[in-house]
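Student: Sequence:
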Amino acid sequence: MAYSFARSLPFVAALMLLTACDNATTRPQMDIAGKTMGTFYSVKISGEVTENRQQLQQEIDALLEQANDDISTYRADSVLSRFNRSHSSAPQPIPRGMADIILTAQRIGRDTHDAMNITVGPLVNLWGFGPDKRPVSVPSQQQIDAAKRNVGLQHLTLTSNAQGEWLQKICRGCMSICRRWAKATVRICWRS
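Mapping of the sequence shown onto mature numbering (1 follows the signal peptide of the UniProt record, and there is no 0): residues -24 to -1, 1 to 168, in sequence order.
No lab work stands behind these hints: they were computed from the structure.
Careful, some of the hints might be misleading.
Label pairs and their in silico Cβ distance ranges [stated by the list, open to error]:
{"hint": "1", "residue 1": "66", "residue 2": "128", "range": "33 to 39 Å"}
{"hint": "2", "residue 1": "83", "residue 2": "105", "range": "35 to 41 Å"}
{"hint": "3", "residue 1": "67", "residue 2": "122", "range": "22 to 28 Å"}
{"hint": "4", "residue 1": "72", "residue 2": "112", "range": "37 to 43 Å"}
{"hint": "5", "residue 1": "112", "residue 2": "23", "range": "49 to 55 Å"}
{"hint": "6", "residue 1": "139", "residue 2": "119", "range": "47 to 53 Å"}
{"hint": "7", "residue 1": "6", "residue 2": "133", "range": "40 to 46 Å"}
{"hint": "8", "residue 1": "63", "residue 2": "104", "range": "38 to 44 Å"}
Note that beta-carbon positions come from the ideal geometry of N, C-alpha and C, so glycine has one too.
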């Protein structure tokens, strides 16, 4: 082993010397940052950018604002919040982006044996970690059991047809996957 290392040492030294002598300039980078979904975002674009920085910032902010309007659990008027407040068991129309999130969440839930489960919102809220106010007391076992009856990916029924996407039942805790979806959406929009 020492013999092969000793034999490769001149090659490694030559490679280090060549890379140290490289006079290539670094590619320009544009940084765009802002606030969304209760946190911050940062977009770094390397290479030549022909678009105006302010215009890109506005496009990204508009895209993320639309995502918030659709899927925020912290906005009372979002599509998801209105959906969650509904007591109807009939399928309700949802935006295509929300349908994509549901499909992705179902796939991840299956792949992780429910370790990632977007229907846990009732339990999360019961313990005071969601958009609802913190409880003043520890929930009873009866409250926990009642909340658990609404938890599980089997409660999500998504239908796609010519009229659009329709979701039946509950979808409470999507924010963990929504941020990832927003990131992927910004990336896709930048490439197109």
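Student: All hints are to be evaluated individually against the structure, with a verdict given for each.
Tutor: Evaluated hints:
1. 66 x 128: 33 to 39 Å: violated, 20 Å
2. 83 x 105: 35 to 41 Å: violated, 25 Å
3. 67 x 122: 22 to 28 Å: holds, 24 Å
4. 72 x 112: 37 to 43 Å: For residue 72 and residue 112 the Cβ distance comes to about 40 Å; the hint holds.
5. 112 x 23: 49 to 55 Å: Given a distance of about 54 Å, which is inside 49 to 55 Å, the answer is holds.
6. 139 x 119: 47 to 53 Å: Violated, at about 38 Å.
7. 6 x 133: 40 to 46 Å: holds, 43 Å
8. 63 x 104: 38 to 44 Å: Given a distance of about 23 Å, which is not inside 38 to 44 Å, the answer is violated.
Checked against the numbered hints above, the structure violates hints 1, 2, 6 and 8; every other hint is satisfied.
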